[in-house]
Amino acid sequence: MAGALSFYRSSIGKKAVMAATGVIGVGFVLGHMVGNLQVYLGAETLNAYAAFLKGTGELLWVIRFILLAAIVIHIVAAVQLTIENRKARPNRYAFNKTIQASLASRTLRWGGLVLLFFIVYHILHFTVGVAPGGPVPFEKENVYNNLVKGFQNVPVSIFYIAAMVALTMHIYHGAWSMFQSLGLNNARWSRLLRRVATGIAVALCVGNISIPIAVLVGFLKPV
Amino acid sequence: MTLNSKVPEGPLEDKWENHKFNMKLVNPANKRKYTIIMVGSGLAGGSAAASLAELGYNVKCFCYQDSPRRAHSIAAQGGINAAKNYQNDGDSVMRLFYDTVKGGDYRSREANVYRLAQVSVNIIDQCVAQGVPFAREYGGVLANRSFGGAQVSRTFYARGQTGQQLLIGAYQALERQIGLGKVQMYTRSEMLDLVVVDGKARGIVTRDMVTGKIESHAADAVVLGTGGYGNVFYLSTNAKGCNVTAIWRAHKRGALFANPCFTQIHPTCIPVAGDHQSKLTLMSESLRNDGRIWVPKKAGDSRAPGDIPEGDRDYYLERKYPSFGNLSPRDISSRAAKEVCDEGRGVGPGGLGVYLDFADAIKRLGESTIRERYGNLFEMYERITGENPYKMPMRIYPAVHYTMGGLWVDYNLMSNLEGLHVIGEANFSDHGANRLGASALMQGLADGYFVLPYTISNYIAETKPQTISTDHPAFKQVEQEVADRTSKLLAVNGTRTVDSFHKELGKIMWDYCGMARNDAGLRKALELIPPLREEFWRDVKVTGVNADLNQELEKAGRVADFLEFAELMCHDALMRTESCGGHFRTESQTDEGEALRDDENYTYVAAWEYTGVGNQPIMHKEELEFEYVHLAQRSYK
Amino acid sequence: MHLKLHVWRQANAKTTGKIVSYDAPHVSPDMSFLEMLDVVNDGLVQKGEEPIAFDHDCREGICGACSMVINGIPHGPQRATTACQLHMRSFKDGDEVYIEPWRAVAFPIVKDLIVDRGALDRIVAAGGFISVNTGASPDGNAIPVSKNIAELAMDAAACIGCGACVAACPNASAMLFTAAKAAHLNLLPQGQPEREDRTLRMVAQMDAEGFGNCTNYAECQAACPKEIDIQFIAKLNRDLIRANLKQGNQGTGEVK
Ligand SMILES: Cc1cc2nc3c(=O)[nH]c(=O)nc-3n(C[C@H](O)[C@H](O)[C@H](O)COP(=O)(O)OP(=O)(O)OC[C@H]3O[C@@H](n4cnc5c(N)ncnc54)[C@H](O)[C@@H]3O)c2cc1C
Ligand code: HEM
Ligand code: HEM
Ligand code: SF4
Ligand code: F3S
Ligand code: FES
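Residue numbers (the working numbering), protein chains in the order written: chain Y, 1 to 223; chain H, 1 to 637; chain B, 1 to 256.
Hints are computed from structural coordinates only; laboratory data are not their basis. Warning: the hint list may mix true and false statements.
What the hints assert, rightly or not - 30 Å max Cα-Cα, derived DSSO-like pairs, lysine-lysine:
| hint | chain 1 | residue 1 | chain 2 | residue 2 |
| --- | --- | --- | --- | --- |
| 1 | Y | K97 | B | K4 |
| 2 | B | K18 | Y | K97 |
| 3 | H | K555 | B | K18 |
| 4 | B | K47 | H | K507 |
| 5 | H | K6 | H | K33 |
| 6 | B | K14 | H | K488 |
| 7 | B | K14 | H | K555 |
| 8 | H | K320 | B | K4 |
| 9 | B | K14 | H | K503 |
| 10 | H | K503 | B | K92 |
| 11 | H | K213 | B | K4 |
| 12 | H | K464 | H | K20 |
| 13 | Y | K87 | B | K18 |
In isolation and in its complexed conformation, chain Y is listed as follows (with noise of 0.2 Å):
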């Protein structure tokens, strides 16, 4: 136990764990973006997941749980890293400029804190039903129109698809971040994991966004 206090006070372990957390993270991202695209098979096919995975259970609040853990894990030593960052560089330069390092990469935290807003939101949207501008009458059995009256709001839509944009930079630099913290990386592999990441992060932003946009084009109606 002691080791592994040891480990998480260097900042290197920190790292280790804001990219660990960050794999459940961006598994869960992947797994739900799958999960939801099963809107273009029709009302019944998304229904029937959604009901398959509230069948589960006590294995779904275990997987709450997990996920619940890893994103205050995650934001602890996000709050943590940053305030060590800002304590070692107190003075900025006159002049300042970077030469390289992506918008992604300088974005990460701004992208963090519209991810945290984002997830309070989405939670009470469409898991709770209560969120403002949210989908009338909320029907808890079914998923397919709560999700599609829901976009059908515009300005919702467009903080959707705003946050997309987030998560895709987010995920853009924290996905091979995470090899890269993990250890993971090596001068053989590193084009190879700059792909992987570059494409998880697109199929995330074009995956997701596809949705409220198909609603608002009206490709999506509801049932």
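Since chain Y is already given, all that's left is putting chains H and B with the ligands on it; use the hints.
This is chains H and B with the ligands only, laid out in the frame that chain Y set:
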């Protein structure tokens, strides 16, 4: 004063072994009662400080940089020699010994050089064990190359950064001892004087370069590993901070200065670009393996190099030295370049340059091979000059590179002042009148890792632990002198910058005590230096205060010492009317214009005694005896 | 050409500093950046003002002493080049140039552009070595090292300890330096016995010095005059995780 070299008796091969056995040992439990001061953290100082701390002594180590890792040894590119004979090409301790004595034009001490060749093999083992990433062959064994015209491949290297890698090895060993508390490291600390009590070196006085505090440090022995003094010429390949201060101060306190005029001029440096030039950059000698050196046949030929047809070019090294050609030794190549430039055939701004041309090599081997071999050097050249050496020949010119002279030491590396040891480039080294490429690193590490730890122990074994503290009046007095000098420099408040004096001195030295020297020129220099020194003390402008970091003050102190030292250099050059190695007296040359030694009259080390600023110094001779090497005229035809 | 310089001036660690502007007329493209500063300083001295203090020594791009942020980039705009090797050809007439010291809490300013980089030495002192005393070594060829590994170790060992990576990193992290120093030794067979201990100690010291953490921005790699690759950071991460996993099997594993 008689100089006793303390070379042990017995056959050459056994001298060091026997000596090691005969030396007294210090009881392990007693070692921690002794403190040793090590000034310098380069290859010599760093390796010695670490090794002595490992043995159990308390070491105080000083350097003027912000980290011991930045000592100028870091700049060495080419490699380090060792008689490993890994290539099975006929190398041996005897051959390395022989080459070094011959290369030094028979002006070094046989026993020292032999020992150097002997321990060279241990150096490689030690460095490998420390993790120095030497170049390797595919089979995993160490790679070698031939360097500086040697007939065998005995040079070990780590890309073009051999010095940096060896220094990092020593630095890591040193940092380990710092971490263990055995070495106390004083960075940004400049030694400004030596404290001698009853004829024994007892400590030093330093200036903390951040706070300006003048501090005394007492010890049982003092070691100087403060590097070379090539910066007396202002422009050299040495780092900006390289200085003569530490050894000059010791000299003024009684240590003899040996062969100060022996300087090495390196043939392949990037030429001076203008008045702003602050130092010269060395291009690796390896370029001479494929580049051809030439100048136009006609003086004042101002055509672009590409427009000069073969028939109008003079490949003068190939012409004069057919068997060694472009790979002729440093002193010979340098002098040949100066000669053609003096004839008005030099190229580039001011006519001070010769071409180093890769056109033939590119034609023969293809641009990609050349890029592979020298890509980074070509890039560096282009960065500095703005010219592309793939398209246009490089321009090179000789530059001051290394100083063979230094404080006189005996076989134990101790100067004539008891307790004062001198290692690395700072001593009058084992290189005689000319150093072979890749041998300075070898000597620095030999001194630091394998010689000094034994010999200083012998000295320590014979002395009682230090009883004199820094409260001793001798320390107080030196401290006061140092403080006074510092205030004096600040008080002049004249009109000329420190650099302007340094540049002027450098020019005098280069013109009259540079690559070729003669009686009239040296006398002229001796006339010019004293008034310049007086003007310095009358009219120098040093801004700022002592209590802050003050780079002008640091420079001023160093230049003040160079202004005194330069005279000694000229006296030495004037006295030695022969030519030998890097010292070329125009009066002493063969009919073909080659250096002509005078073995009958000059087979000795000139060790000078200080007699006061501006006074004629007194020379003491250490006669050199050659039992094993047969003296012969060097020939590279 | 004629440049306008905006330089950070600070008398010592105790005072606060500020940007002061200077004219640099008659700059020749053949000058190195430091030679340009020499000329400006010469003018200042002649006017009786204190010259701009900056660290430098070899002026050949190898000692790692020179350290200044030029228009937001450590060592200036040219890739793989130290400030001392940067030439004024990289600038044009009328340019405004901001010159600032390395900025990191672990690198306190000593004066003007000079900072104290002792933290880097202390990281090495904590474990950046192979514990072998002088004399205790087998023949050099008794330890074969594959050429690839030797080359990779050399890539890492090329670090000149300048600290530009810290200056460039938005988090002022010393990961690239520490990673390079650790990788050089951790890759070689000679470095294996102490690999875990070395990694733990160096990282612990790095953290204790107050450097930031690595967010994998890769700015360090872009600013590094020796182009040290951030793959070594991945390796350091790997080695640290490994060291922590192995620790349980190796006694206490206390980080001393
Ligand atoms: C560009 C260049 C390339 C070279 N290439 C090669 C090569 O390929 N092979 C080879 O064998 N040799 C080469 N040499 C020569 C070789 O590098 C040096 O001779 C050797 O490294 C000197 O080592 P040193 O330890 O004696 O001195 P240095 O490394 O110069 O160390 C001097 C130390 O003394 C300290 N010091 C100096 N004065 C003071 C003072 N007053 N107070 C406190 N501290 C002080 C400094 O801080 C420093 O730590 C080269 C030299 C140069 C300039
Ligand atoms: C679905 C949700 C999220 C996923 C999948 C995710 C994923 C990741 C990944 C993979 C990384 C890279 C880790 C590394 O470099 O090793 C990362 C870094 C980061 N994340 Fe997240 N994240 C999510 C949510 C958040 C949230 C909500 C926040 C903050 C409020 C946040 C803040 C950060 C920060 C600051 C970093 C960079 C940490 C550093 O390297 O210093 N993330 N994230
Ligand atoms: C456009 C993209 C998205 C759509 C269409 C979508 C849709 C949904 C729907 C319909 C539900 C409710 C499922 C149910 O109650 O059965 C849900 C739940 C959830 N979503 Fe999303 N989602 C999207 C993106 C995201 C993202 C990017 C994240 C994470 C960062 C996320 C995290 C969650 C979480 C944590 C739940 C709750 C799961 C639970 O515990 O029941 N979603 N999503
Ligand atoms: S890693 Fe690069 S930037 Fe950092 S200290 Fe080493 S050489 Fe300088
Ligand atoms: S820029 Fe900084 S964040 Fe990491 S990759 Fe380099 S240390
Ligand atoms: S001065 Fe040595 S690297 Fe720039």
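Inset, instruction - Measure nothing beyond the straight line between the CA atoms of B:K14 and H:K488; if it is 30 Å or shorter, mark the hint as holding. - result: holds, 27 Å
Legend entry - Holds or violated: H:K503 to B:K92, with C-alpha atoms at most 30 Å apart: holds, 29 Å
Inset, instruction - Decide if the proposed pair is consistent with the structure: H:K320 and B:K4, CA atoms, cutoff 30 Å inclusive. - result: violated, 52 Å
Legend entry - Holds or violated: H:K555 to B:K18, with C-alpha atoms at most 30 Å apart: holds, 26 Å
Inset, instruction - Verify the proposed pairing of H:K213 with B:K4, using a straight-line Cα cut of 30 Å. - result: Violated, at roughly 36 Å.
Inset, instruction - Would you mind confirming whether the straight-line C-alpha gap from Y:K87 to B:K18 stays at or under 30 Å? - result: It holds: about 21 Å lies between the C-alpha atoms, which stays within 30 Å.
Legend entry - B:K14 paired with H:K555 [C-alpha distance capped at 30 Å]: It holds: about 24 Å lies between the C-alpha atoms, which stays within 30 Å.
Inset, instruction - Could you grab the alpha-carbon distance between B:K14 and H:K503 and see if it respects the 30 Å cut-off? - result: violated, 35 Å
Inset, instruction - Given the hint that B:K18 pairs with Y:K97, test it: the Cα-Cα distance must not exceed 30 Å. - result: Cα-Cα ~19 Å, so holds.
Legend entry - B:K47 paired with H:K507 [C-alpha distance capped at 30 Å]: holds, 25 Å
Legend entry - Pair hint outcome, Y:K97 versus B:K4 [Cα-Cα no greater than 30 Å]: holds, 19 Å
Legend entry - Proposed proximity, H:K20 with H:K464 (alpha carbon, max 30 Å): holds, 21 Å
Consistency note: the structure conflicts with the earlier hints numbered 8, 9, 11.
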